[in-house]
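I would like the entire structure built from these sequences, with the hints used as guidance.
Count the sequence shown with this note's numbering and you get residues 88 to 300, in order.
The set of hints was computed from the structure by calculation and includes no laboratory data.
Hints are not guaranteed to be accurate.
As the list claims (entries may be wrong) - With a straight-line Cα cutoff of 35 Å, these simulated DSBU-like cross-link-like pairs (lysine-lysine) come out:
#1 K125 <-> K161
#2 K215 <-> K159
#3 K225 <-> K159
Please read all numbers here as calculations on a predicted model, not as lab measurements.
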Amino acid sequence: YTIDLLISIRNHLDLTSPLHVAVFACLTTARMGELTTKTLLSFDPLSHIKPSDVHVEHDRQGNAVTNFHLPKSKSAPNGEDINWARQVGPSDPHAAFENHLEINSPPCNGPLFTYHNGKGHKALTKGKFLSVLASTLKVSGRPPMQGHGICISLTLKYLLRNIPFNIIKVKGRWASDTFLVYLCRHAQILAPYMQAQPSLHESFLRLTLPPVR
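Right under this line is the structure:
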């Protein structure tokens with residue numbers, strides 16, 4: 088799932104359709120499994136994320152991050168947070184999420200990713216999400232892809248931006264190093280660290296060492 092693929096999927100969705108709007112907003116979070124329900128009736132407010140669990144936070148420099156608090160997850164039974172920041176371009180998760188809130192108006196204490204269906208709302212199930220995604224990929228002439236590839240692709244994207252492995256591990260909420268097994272483009276990931284005079288190392292030294300007098 089590259090940025091180009093996300094944009095292609097977006098271009099083949101109907102972003103006036105409540106279902107498609109919910110699917111694309113969920114897709115841009117890169118955490119499908121934690122943000123959908125297994126069935127239409129399996130929503131549990133004590134386990135599943137709700138609109139009331141979403142907040143915008145700022146660091147000391149004023150950088151904004153949208154934080155999603157998961158009451159419970161497979162790897163964190165006591166809850167965990169996932170988050171993203173605004174991006175440039177049509178794959179921006181903030182724009183997709185704002186469109187979802189405007190079109191679908193999910194109830195404050197109901198499923199976060201729900202969509203209008205007639206006079207009521209329907210929870211976005213994992214099956215429905217994957218079904219829409221599969222049909223969209225087929226229409227665009229692309230091969231089918233696995234759902235877990237979304238999170239793996241996000242990890243690869245950040246590594247290719249020279250963000251260190253330990254930071255990526257925190258960002259992806261990886262409990263172990265098993266995510267490394269799924270990665271490709273190893274040469275591109277390691278290239279900045281394998282040079283005779285790595286630019287990343289030089290930049291770090293310039294920031295941390297006192298000037299020569």
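Here is what the structure says about each hint:
1. As the CA atoms of K125 and K161 are separated by approximately 13 Å, the hinted pair is consistent with the 35 Å bound.
2. For the given pair, K215 sits about 22 Å from K159 by alpha-carbon distance, which is consistent with the 35 Å threshold.
3. At most 35 Å may separate the alpha-carbon atoms for a hinted pair to count; K225 and K159 meet this at roughly 34 Å.
Violated hints for the displayed structure: none, as all numbered hints are satisfied.
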